[in-house]
Amino acid sequence: MRSRLLGVVSLVGALLVAAPAPAQPTVKIGLIMTYSGQFADAATQMDNGLKLYVKQHSDTVAGKKLEFIRRDTGGIAPDVAKRLAQELVVRDRVDILSGWMATPNTLAGADVSAEARKFMPVMNGAGTLIPTKSPYIARVSFTLPQSAGALGTWAVTKGGFKKAYTMVSDFSPGHEAEQEFQRAFKEAGGEIIGSVRFPVANPDFSAFVQRAKDVNPEAIFIFVPGGVQPAALGKAFHERGVDPKKTKILGSGEVTTEQALKSMGDAGIGIITAWHYDYNINSPLNHAFVKAYREAYGRNPDFFSVGGYDGMHLIYEALKKTGGKTDAEALIAAARDMAWESPRGPMSVDPETRDVVQTIYIRRVEKVAGELVNVVIDKVENVRDPVKARMKK
Amino acid sequence: MARVALRAVSGPHGYLQAQSRWRWPEVAFWIATPLPFLIFPTYLQLASQIAITALFAVSLDLILGYAGIVSLGHAAFFGLGAYAAGLLSKFWWGEPLSGLALAAALAGLVGYAASFVIARFRHLALIMITLGIGLLLAEAANSASWLTGGADGLQGVRIRPLFDRFPFDLWGRTAYTYSLVVLFLTFLVARRLIHSPFGLSLRGIRENAVRMPALGAPSRAYIRKVYTIAAVMAGLAGALLAQTTSTVSLEVLSFQRSADVLVILILGGAGRLYGGILGAIIYMVARDQFSGINPQYWYFWIGLLLIAVVMFLPNGLLGGLTRLASWWRAHLLVMPPS
Amino acid sequence: MIGSFAGVLFDGFAYGMLLFLLSVGLSVTLGMMNFVNLAHCSFAMLGGYVTVTLMDRAGWPFFATLPVAFLAAAAASVVLERALFRRLYRASDLDQCLLTIGIVFVSVAGAAYVYGTLQQPVQLPDYLRTAVTLGGLRFPVYRLFLIGAALVITVVLVAALEYTRFGARVRAAVDNQRMARGLGIDVDGVFAVTFALGSGLAGLGGALAIEMVGLDPAFAFTYLIYVIIVVSVGGLASIGGSFVAATLIGISDMAGKYYIPQLGAFLIYLVMVGLLMWRPAGLFGRR
Amino acid sequence: MAATVLSTRGLRKSFGSLVVASDINFTLPQGVRYALIGPNGAGKTTLINLMTGMLRPDAGQIFLGEDDVTSLAPAERVKRGLARTFQINTLFPHLSALEAVTLAVCERRGHAGNWWRRLPTHRDAVDEAYGILSSLTLGDDGYRPTRELAYGQQRLLEIALALATRPRVLLLDEPAAGVPRGESATLFSVISRLSRDITVLFIEHDMNIVFRFASRIIVMVGGRVLVEGTPEEIAAEPRVREVYLGNTRHA
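Chains as they are written, first to last, in our numbering: chain A, 14 to 406; chain B, 207 to 544; chain C, 395 to 681; chain D, 68 to 318.
Worth flagging that the hints you see were computed from the coordinates, not collected in a lab. In this text the structure is predicted, and so the values were computed from the model without any measurement. Think of the CB as a built atom: it goes at the ideal place given N, C-alpha and C, for glycine as much as any other residue. Hints are not guaranteed to be accurate.
Covered by chain A, according to a simulated footprint, are these stretches of chain B (three or more residues, beta-carbon under 8 Å) [unchecked claim]:
no., region
1, 350 to 361
2, 376 to 387
3, 442 to 452
4, 498 to 504
No more than 25 Å apart at the CA atoms, straight line, and that leaves these computed lysine to any residue pairs for SDA-like [stated by the list, open to error]:
no., chain 1, residue 1, chain 2, residue 2
5, A, Lys259, C, Tyr521
6, A, Lys405, A, Glu384
7, A, Lys258, C, Tyr507
8, A, Lys146, B, Trp352
9, A, Lys146, B, Ser351
10, A, Lys199, B, Val416
11, A, Lys401, B, Ile499
12, A, Lys275, C, Arg523
13, A, Lys401, B, Trp352
14, A, Lys68, C, Tyr507
15, A, Lys275, C, Phe533
One side of the interface only, derived from the structure: several residues of chain A facing chain B at Cβ under 10 Å [what the hints assert, rightly or not]:
no., residue
16, Gly50
17, Asn118
18, Gly140
19, Val255
Isolated chain A (complex conformation) (with noise of 0.2 Å):
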């Protein structure tokens, strides 16, 4: 009885709180997301790629006009992104909940988008378990293992390496890097001669390097969050003199970003990795995508930068089928078939695990007229996460 008798209150309490009613109907999106703290530069540019696409295709969606509200969870804290998402539901009532940068935070979230039965388009969240958490749950950024198994096959298949040194990070993005890297690769036919995980707290490479160097394998695998350790690593590998030519480095797309070539200056020359996106990438919409990118914000896209564009693109696309409805159901059936040309190139939304499906580019780092660039070398298409199709079996 007593909770019932709170309710009441508290709607009448709502009530009194709330606006009159807009004239024209609106869809509220929250955006949950790391603006502040160590990750701000992510979020910074998945927001530029979000408000990139709105300024592209007018915020009207199927007579609806886009309501954005952000929230800033200040780095890694799941406790604080499940009470904004919360809020968001209960105070501000949106229609849909999405952003989501980080595992952590992402996997919090999931579980208001179930109960609340809100639809949650994830424009990074990278953990491979993330939509199995909530069933209205559409992911358009992608999967570790999904870099990092593509990148396993091709290195025997076409690279021509037969053994393979692995270092990661030693937290659980690093573990899923390590496990599918070391699995694509025996499968393939290589063999894993050693591997080691560093800590995640900014370590000194120098150590770990040396390590690596005493095996002298023909391939090392290193998977290390962005930020400031892919340049270190890089330079800890120059100054090692570990040979380019001899011992190649091969890694996620997140040790060849930008910002980490620039630091790394020519220690990054050589170095092969997998990712599913790159603003050197060759396509029309691509160039057009970078140039509209660059006049707005004065800077190069990058993979965050691409979720936020693909995330708006999905959840426009999904209220122009539902023709403007917000609830969850409709939009998770409109969004699980979905097919588009990305900037990345073609993507598509897993039906059955609601996952991203997207081409892998393997690039190598290479001067191209004085700047460094991940230059494509080869492409894997149509990659769904490995991990969740072997559950399936």
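Use these hints to put chains B, C and D onto chain A, whose structure you have.
Coordinates of chains B, C and D only, in the frame set by chain A:
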């Protein structure tokens, strides 16, 4: 509570009675705590997390404000409580109250063990050792990712509804009621402790650690006892967060959380028991509002707030309020005939 | 195997020197002046950003920017010291802690606002990025430079504080303000200069650290822990103590990660707690 | 002869080459008022620090009654009845005098550990504390924080705190230090009114106070006990006059 400098109006017993009697501002505050149900019905989740942080700050105040132990690693016990409650609900059964008790007991146990080290050091060495313990525990939780889920946080936390009737829902009604009741009961214990002979001995240790042995007091034993009690309370707060949000991540053990609760306590005013509560309310509401207004640079305004409080209200907000109250009492109230 | 042991020793020592460069200023402000200056790394960040700006926007050579980084951080500290810190010299260390944490928050938000949140790349001249091989061992030039810089600063600082009149006046003023005033020492002036010296060293440390550990607005937070560890283990007010502590911590951190990687992250904290339990006042601490 | 309350045998202590106590043997019978005199640096305060356990002796033993307390922690010695005051006030600035003495009384009664009963419920402890304060004329000022008390009152509070531990032996380290001449007489009259079963040893420089209040006097010089005796014997003792008139140089 304002230090009551009553002239010899009512003899020694009256004086001591007055010290520990409930003053009307205190009663008014606790009566007002259920108000968010009416006037801020959509802020109950935030209110619940403020109550949890207040409980955490009160536990720090016991050792910092009353026994003079500055800890930069108090989140160790908060995190222990959170992980214990989370793991209990995952592997055993998710009944909240028993989970809360067990989690607090575990935190208390570890606190008791750590207290033997804590009691032997003082000043900067003590602060750095508490920092070390906190960082070691955080590192352990990350490397034991098979148990704790590592950086992704603990998955599979299933908290059953309170008394099997009140689920921890989106609205946060159960969460706020639950956190508030636990805060109030723990606060009563802390308040009773402060006004007990043991509380007096703690204040003695803080005021003059050299004199205490000369009175026959085993200071180290008292520091160990209060550190264990504080660890239990911090474990309670951690368990509450895990149960009301069913999320537990490495962040509950982080240096950031230890630093935040220290800032909150100093902001409110250490050594006044309500300092932690007031500090938690002001800090978290300010952070929520500022980060709502401009998500990217809200740190700037929180920083200014801290600087302003230190420069203009030396011993915290509560210190300022007490001075204001005593100024107001001295000027406006007619003094009782002494 | 010996080759790599020497390599680990050298890298550890170089990493230690980086930690020393970042924390030596704090052993002046926290150590000698007993002022809990948690904003120390904000001055380091300021120095870093000055260097990056001069190199990227004004095209200055790396070495030319270092003195400017020192002076900029020192100047900023004089302003803050006169306006804020001076009033809190006799306040409780908790209030000093709250004030300086507030300044860290403001500096983090300010840096994010002005420079944006992205990593600041720095283009060092090529000769600093290669390595020199001596007796079959590779010694990266930049690490040699760091070690050299740390040694020079230690010698200059210890000499200035121990053997000059200025040093005597600083130590006197810091030890007993009233007595120093009695001797006619302009204590306020000395405090401002000492604080500027400490913060300037932080600025220089920040500038030198970019190549190794990068620079972003969160710098003021992430390195605060390591800096306090070095100063507390080394012993307050002891420049030599900080040097030895930084070396010990750097080498044990490096050796731990090389020989027992799974224990890697724990080692630095275990070493700290162990050293403090053995010498609570720090290796060379007096107080 | 009354039972010995406190005795030392062969007590030795040196800081490096500086010998601050060498071969000190003395016994304090119960109830006697002892004065400990000697020039500055004679080792008087060091002796008290040795007996209370603040300093560990290099050699020798200390006995409280029959039991050897040489290696006992300071707090334990207090529990067995050895209390002291400090030359420089070591009090609780923000606690009121009543709170401070109540703390000491609760400690002695073993209540200090309980954290669940409110202080005012320990009525007997509060009464005892108020009694001690009143006996030392501090009754009315027991409510203001100690740092607001006059210096002389703080010296009395030092004694009140020591009395609260119900000592068998009370060591007063210059109780009247810094107290104006007029007030020190009243201070000592309060001390002399203490009950007969407490042995008191006080360090004092003012000879008229010493000769008025002490029933026996110990003279220390250079870390050694020069002579012990009644006030009359000490007055007539030539070596004491030399030490005070200073015609022979002592190390």
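Taking the hints in turn, this is what the structure says about them:
1. 350 to 361: holds (count 7)
2. 376 to 387: Check passed, 5 qualifying residues.
3. 442 to 452: Our answer is that it holds, as 3 residues pass the Cβ test (under 8 Å) against chain A, meeting three.
4. 498 to 504: holds (count 5)
5. A:Lys259 / C:Tyr521: Between Lys259 of chain A and Tyr521 of chain C the Cα gap is close to 23 Å, so the pair holds against 25 Å.
6. A:Lys405 / A:Glu384: violated (44 Å)
7. A:Lys258 / C:Tyr507: At roughly 42 Å apart (the allowed maximum being 25 Å), Tyr507 of chain C and Lys258 of chain A break the hint.
8. A:Lys146 / B:Trp352: holds (19 Å)
9. A:Lys146 / B:Ser351: Within the cut-off at roughly 19 Å; holds.
10. A:Lys199 / B:Val416: At roughly 67 Å apart (the allowed maximum being 25 Å), Val416 of chain B and Lys199 of chain A break the hint.
11. A:Lys401 / B:Ile499: violated (40 Å)
12. A:Lys275 / C:Arg523: Distance of about 14 Å is within 25 Å: holds.
13. A:Lys401 / B:Trp352: holds (20 Å)
14. A:Lys68 / C:Tyr507: Judged against 25 Å, a Cα distance of about 24 Å means the pair holds.
15. A:Lys275 / C:Phe533: holds (23 Å)
16. Gly50: With Cβ-Cβ at 9 Å, under 10 Å, it holds.
17. Asn118: Holds. Min distance 9 Å.
18. Gly140: Holds, because the Cβ-Cβ distance from Gly140 of chain A to chain B comes to roughly 6 Å (cut-off 10 Å).
19. Val255: Violated, because the Cβ-Cβ distance from Val255 of chain A to chain B comes to roughly 27 Å (cut-off 10 Å).
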